[in-house]
Amino acid sequence: DGGITQSPKYLFRKEGQNVTLSCEQNLNHDAMYWYRQDPGQGLRLIYYSQIVNDFQKGDIAEGYSVSREKKESFPLTVTSAQKNPTAFYLCASSPQGGASPDTQYFGPGTRLTVL
Amino acid sequence: AQSVSQHNHHVILSEAASLELGCNYSYGGTVNLFWYVQYPGQHLQLLLKYFSGDPLVKGIKGFEAEFIKSKFSFNLRKPSVQWSDTAEYFCAVVIGGYQKVTFGTGTKLQVIP
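So the sequence lines, in the order shown, correspond to chains A and B.
With this note's numbering, letter number 90 in the first sequence gets 90, and the count goes up by one each step, no holes.
Numbers in this note's numbering are just positions in the second sequence, counted from 1, shifted up by 1000.
Just so you know, these hints were derived from the structure itself, not from any lab.
Please note: incorrect hints may appear among the correct ones.
Restraint-style ranges between C-beta atoms, simulated for each label pair [unchecked claim]:
| hint | chain 1 | residue 1 | chain 2 | residue 2 | range |
| --- | --- | --- | --- | --- | --- |
| 1 | A | 88 | B | 1010 | 17 to 27 Å |
| 2 | B | 1005 | A | 5 | 27 to 37 Å |
| 3 | A | 56 | B | 1080 | 39 to 49 Å |
| 4 | B | 1112 | A | 26 | 35 to 45 Å |
| 5 | A | 9 | B | 1053 | 13 to 23 Å |
| 6 | A | 5 | B | 1069 | 35 to 45 Å |
| 7 | A | 22 | B | 1083 | 33 to 43 Å |
| 8 | B | 1003 | A | 81 | 18 to 28 Å |
| 9 | B | 1002 | A | 11 | 25 to 35 Å |
A virtual CB, placed ideally from N, CA and C, is assigned to each residue, including glycine.
Model the full assembly from the supplied sequences, consistent with the hints where possible.
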């Protein structure tokens, strides 16, 4: 059963702590993306990766970091430098890494709350 | 930088009414255009897409969208909505040859039975 999994579904963090959100895909897609979804602001791109060991900053990368050591995995770390981390985080993948992305396939999301 | 505007933030319709959701983008070159839908409690998923060819594209569940290059628009339409169409709809744009996908702010559609 192919798809994208994100874990955990809900995550609570204390201020000043780093936290890592997991994203795994078994679709054999080259490209992967992280978005942040806030009410009334749509989806904003945090980071994207077209290929293993390569990633690019999106529009709101400050306070976040990623790695792409395996094709299947694209974890996102929300650092203590992120000023407003409470949000819904969506991971996506797309089959085309070298050219413009085609359809993106989304995971179920992780809701992060900073206490 | 490219931007995408969805002017309708919240739309309420009765069942069987016609739907048109606006999407405008700010880039004058080649673009790839998408509409995604997020049903309550479900993953965001593709409704339809336009890359080239016939500017009127048809998607799942009776939705269609028309690309009008001169108006920089890609409006989503459905002749008769159903209660099950209640969801949030997002327009997305990719500048040809680039990797970044830019999403609009979304439109919440509520269909009243």
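Results for each hint:
1. The hinted range of 17 to 27 Å is satisfied by residue 88 of chain A and residue 1010 of chain B, whose Cβ atoms lie roughly 18 Å apart.
2. Between residue 1005 of chain B and residue 5 of chain A the beta carbon distance is about 33 Å. The supplied range of 27 to 37 Å therefore holds.
3. A hinted range of 39 to 49 Å for the beta carbons of residue 56 of chain A and residue 1080 of chain B is consistent with their spacing of about 42 Å.
4. Distance hint check: the CB atoms of residue 1112 of chain B and residue 26 of chain A are about 40 Å apart, consistent with the given range 35 to 45 Å.
5. Distance hint for residue 9 of chain A and residue 1053 of chain B: a CB-CB separation of about 40 Å, inconsistent with the stated range 13 to 23 Å.
6. Take residue 5 of chain A and residue 1069 of chain B: their Cβ atoms lie about 39 Å apart, and the range 35 to 45 Å holds.
7. Checked against the hint of 33 to 43 Å, the pair residue 22 of chain A and residue 1083 of chain B passes, with Cβ atoms roughly 35 Å apart.
8. Taking 18 to 28 Å as the suggested C-beta distance range, the pair residue 1003 of chain B and residue 81 of chain A conforms, at roughly 26 Å.
9. A beta carbon spacing of about 31 Å between residue 1002 of chain B and residue 11 of chain A agrees with the range 25 to 35 Å that was offered as a hint.
Of the hints listed earlier, the one the structure fails to meet is number 5.
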